[in-house]
Amino acid sequence: MNLKHDVVIVGAGLAGLRAALEAAEHADVALLSKVFPTRSHSGAAQGGIAAALGNEEQDSWEWHMYDTVKGGDFLTDQDAAEILAKDAPRAIYELEHMGVPFNRTADGTIAQRAFGGHTRDFGQSSIKRTCHATDRTGRVILDTLYGEALRKGIRVYAEFHLLDLLIKENRVVGLVAYELATGDVHVFHCRAILLATGGFGKVFKTTSNCFANTGDGVYLAYKAGIPLEDMEFVQFHPTGIYGLGVLISEATRGEGGILHNSTGDRFMEAYAPTLKDLAPRDLVSRAITQEIRAGRGIGGRDFVHLDLTHLGKERLQEKLSDISSFVRIYLGIDPVKEPIPVQPTCHYMMGGIPTNLDGQVLVENQDIVHGLYAAGECACVSVHGANRLGCNSLLDLVVFGRRTGKKLVQNLQGLHWIPLQDHPEERILERIQHLKGRKTGEKAAALRAVMQDVMMKYCSVFRQEEGLSRAREEIKSLTDRYREITIDNRGSRFNTDLLDALELESLLGLADVILASAIARKESRGAHFREDYPVRDDKNWLKHTLAQRTDDGPRLFYKPVMITKFTPKPRVY
Amino acid sequence: MEMNFKIFRFDPEVERKPHYQTYRVSAHPTERILDCLNRIRWEQDGTLGYRMSCGHGVCGSDAMKINGHCALACQKLVRDYQGQEVVLEPLPSFKILKDLIVDLEPFFEKVRLMRPYLISSIEPPEKERRQCAQQIILI
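Here the protein sequences come in this chain order: A and B. According to our numbering, the stretch in the first sequence is residues 1 to 573, in order. According to our numbering, the stretch in the second sequence is residues 1 to 139, in order.
For reference, chain A alone in the conformation it holds in the complex (with noise of 0.2 Å):
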């Protein structure tokens, strides 16, 4: 069926929420979700959302700018972490105005807690910057959000699944999707797109991501030609459930609590003395997995503990109360009793597509797509470089998927309706068809779990050259082999199997282009540290990545940092 809107939004998280509630006003817009919107992955993030309103101690945006822009390891473009630390008060208090519960202070003000990176002065000491709903304030965002456009009767279109961008000489013509309910193939002609599918953890095995997360909105752009930017820079949180991935947010350290090795050092004072738990992410999972390689993780195994026992009952229900409620039902550990086995875990992309601060989507010389937008986890400003910061990401969705919004409500009367083309899904219907043609193979889920584990052995907390040319090698095997195989379900309805098959032809997409530009930097910055070029080298690798499909694999180039007023220096904590 065709189905016709001025503007189709694909993701219904906190960017598409929030850039479809600015768009809905002025024009007929649908939102696309693979998920019920209240399901999507923006409702897992935990500790908080930050912004300099100073309500527990001074602050200033001037400091949220530098540390993001420090976090970064001076790859973030300072003119969008201007933007971001600037427009953060505004939007903590639109969302309070909407209704978001968040924790207050004793005189009634939105409470503030220590979250990592976080500092006083450029630098000096932690600071209490982070807004919060306990420790379930994405959840309490998304279902605001949703109330709001529940409240503007938006069109959604739940449990849709993206399959095809259609994109004519530069300009939107549509989008074709799949329903999964009824198996049925959907032609969307619109005059604008805005892709908020986020990220892509599932390229890893051990990761806080939920299912869905498998970049489709991303690999698509790809598809279309646009090349992606910053695809090396991965973020393993550090602290995810033991042999689960599940996330045990940054928050307890901002609440106090230690991470221990096996001798029961708080080894982040050695790593980091002025921050020490509460440096940014990459540091802190740098240093665990090193604490692991040098024998202590405990037991000699390949965890550490983090210690919330000190904190109390009291607070840790106040304060802390889902993530208490996960270590409990996963490890059978009570956090008031004992402290809780962690391991890094795949947890954010701060690489995607490429937009400029208004979320337009940008292909070669800052052209723009006419018509395309990205904003939230699955695009790159970029406001986080090579590490994001603990709640710079809810900030982000709401500030950008905002402003990316308004751009978008702007430009609407310049963009006209291009016609479709005869059958646009055409191409879709024949893939699919040949996926339930085939009746002997391997399936995706098998093919997956390789490609899982080889990304985790060569390309997570550490890389180096030779690992990341194996992993490649492995990955264009198994793309090799994914052409012939095979699903057990060739019905209509629900067919999970079919779209496990097709997700799996993102993923494998994805990794190419993280590893291809992980292997051509030659040096190490926040998340992307090469053992065998351990030092930055701005002289070099100051410049951002952009990897665009070719025939032969990805082709690499690159483009300047925006600085402004942060001349890079050494990042130390």
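Since the hints were made in silico from the structure, they are not lab data. Possibly wrong hints are sitting among the right ones.
Simulated restraints, written as ranges between beta carbons of each label pair [said to hold, decoys possible]:
{"#": "1", "chain 1": "A", "residue 1": "Gly295", "chain 2": "B", "residue 2": "Val14", "range": "35 to 41 Å"}
{"#": "2", "chain 1": "A", "residue 1": "Arg171", "chain 2": "B", "residue 2": "Ser120", "range": "52 to 58 Å"}
{"#": "3", "chain 1": "B", "residue 1": "Cys70", "chain 2": "A", "residue 2": "Gly553", "range": "44 to 50 Å"}
{"#": "4", "chain 1": "A", "residue 1": "Arg293", "chain 2": "B", "residue 2": "Glu105", "range": "47 to 53 Å"}
{"#": "5", "chain 1": "B", "residue 1": "Met1", "chain 2": "A", "residue 2": "Arg470", "range": "47 to 53 Å"}
{"#": "6", "chain 1": "B", "residue 1": "Glu123", "chain 2": "A", "residue 2": "Pro570", "range": "46 to 52 Å"}
{"#": "7", "chain 1": "A", "residue 1": "Glu269", "chain 2": "B", "residue 2": "His69", "range": "44 to 50 Å"}
{"#": "8", "chain 1": "A", "residue 1": "Glu94", "chain 2": "B", "residue 2": "Gln135", "range": "52 to 58 Å"}
{"#": "9", "chain 1": "A", "residue 1": "Asn170", "chain 2": "B", "residue 2": "Arg16", "range": "31 to 37 Å"}
{"#": "10", "chain 1": "B", "residue 1": "Gln135", "chain 2": "A", "residue 2": "Gly553", "range": "57 to 63 Å"}
{"#": "11", "chain 1": "B", "residue 1": "Asp11", "chain 2": "A", "residue 2": "Asn170", "range": "42 to 48 Å"}
{"#": "12", "chain 1": "A", "residue 1": "Asp302", "chain 2": "B", "residue 2": "Asn67", "range": "30 to 36 Å"}
Covered by chain B, per the in silico footprint, the following chain A stretches (three or more residues, Cβ under 8 Å) [unchecked claim]:
{"#": "13", "stretch": "202 to 215"}
{"#": "14", "stretch": "424 to 437"}
Partner residues are not named here, just some residues of chain B that face chain A (Cβ under 10 Å, in silico) [what the hints assert, rightly or not]:
{"#": "15", "residue": "Tyr20"}
{"#": "16", "residue": "Leu48"}
{"#": "17", "residue": "Cys54"}
{"#": "18", "residue": "Leu77"}
{"#": "19", "residue": "Pro92"}
{"#": "20", "residue": "Pro106"}
The model shown is predicted, which means the values in this text are computed figures rather than measured ones. Think of the CB as a built atom: it goes at the ideal place given N, C-alpha and C, for glycine as much as any other residue.
Given the structure of chain A, go ahead and fit chain B onto it with the hints provided.
Same frame as chain A, but now just chain B:
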């Protein structure tokens, strides 16, 4: 350990009556029931229908009946069911669309009818509204 699952199967488009199908899965005691379901779908039977997303009890997608009790498959562990057969059925009182997947439209319609947003006749202040601890507890 080896686990036996008895799972409700029904495709109303092609079947007149539901049936149960049994599967055997090897799993660690600390794995989630959701991990077992995934193993069944990924390794044994790709036709099995159920929803899932976050995998740790935040999104609510994998709500179902587990041995008669409504629960999230990602929040129940294999060790909770040691030595028992695990019976998985769709949530009660919803229309069944396929296997463990139910029609949630009536549920979301009720959410809509609730008008789940702040309705206020007072212009918001420049900064946040003040709230004391007692008021928060009431929310």
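Verification of the hints:
Distance hint check: the CB atoms of Gly295 of chain A and Val14 of chain B are about 58 Å apart, inconsistent with the given range 35 to 41 Å. About 42 Å separates the C-beta atoms of Arg171 of chain A and Ser120 of chain B, a value inconsistent with the hinted range of 52 to 58 Å. The supplied range of 44 to 50 Å is met by Cys70 of chain B and Gly553 of chain A, whose beta-carbon atoms lie about 49 Å from each other. About 52 Å separates the C-beta atoms of Arg293 of chain A and Glu105 of chain B, a value consistent with the hinted range of 47 to 53 Å.
Take Met1 of chain B and Arg470 of chain A: their Cβ atoms lie about 35 Å apart, and the range 47 to 53 Å is violated. In this structure the hint that Glu123 of chain B and Pro570 of chain A lie 46 to 52 Å apart at CB holds, the actual value being about 49 Å. As the Cβ distance of Glu269 of chain A to His69 of chain B is approximately 47 Å, the hint placing it in 44 to 50 Å holds. Between Glu94 of chain A and Gln135 of chain B the Cβ separation comes to about 20 Å, which falls outside the hinted range of 52 to 58 Å.
As the Cβ distance of Asn170 of chain A to Arg16 of chain B is approximately 53 Å, the hint placing it in 31 to 37 Å is violated. Here the CB-CB span from Gln135 of chain B to Gly553 of chain A is close to 58 Å, well matched to the stated 57 to 63 Å. Our hint of 42 to 48 Å for Asp11 of chain B and Asn170 of chain A holds, since their Cβ atoms are close to 44 Å apart. Evaluation of the 30 to 36 Å hint for Asp302 of chain A and Asn67 of chain B yields a pass: the beta carbon distance comes to about 34 Å.
With 3 residues bearing a CB less than 8 Å from a CB of chain B, the stretch 202 to 215 of chain A meets the requirement of three and the coverage assertion stands. With 0 residues carrying a beta carbon less than 8 Å from a beta carbon of chain B, the stretch 424 to 437 of chain A misses the three-residue requirement, and the given coverage is violated. For Tyr20 of chain B, the shortest C-beta to C-beta distance to chain A is roughly 18 Å, which exceeds 10 Å, and the interface hint is violated. The interface hint given for Leu48 of chain B is met, as the beta carbon of that residue sits about 8 Å from the closest beta carbon of chain A, less than 10 Å.
Evaluation of the Cys54 of chain B hint against chain A yields a held restraint, the C-beta minimum of about 4 Å falling below 10 Å. Checking Leu77 of chain B against chain A by beta carbon gives a least distance of about 7 Å; that is within 10 Å, so the hint holds. Hint on Pro92 of chain B is violated. Least Cβ distance to chain A is approximately 19 Å, over the 10 Å limit. Because the smallest distance between the Cβ of Pro106 of chain B and any Cβ of chain A comes to about 13 Å, over 10 Å, the interface hint for this residue is violated.
Against the hints set out earlier in the document, violations occur for numbers 1, 2, 5, 8, 9, 14, 15, 19 and 20.
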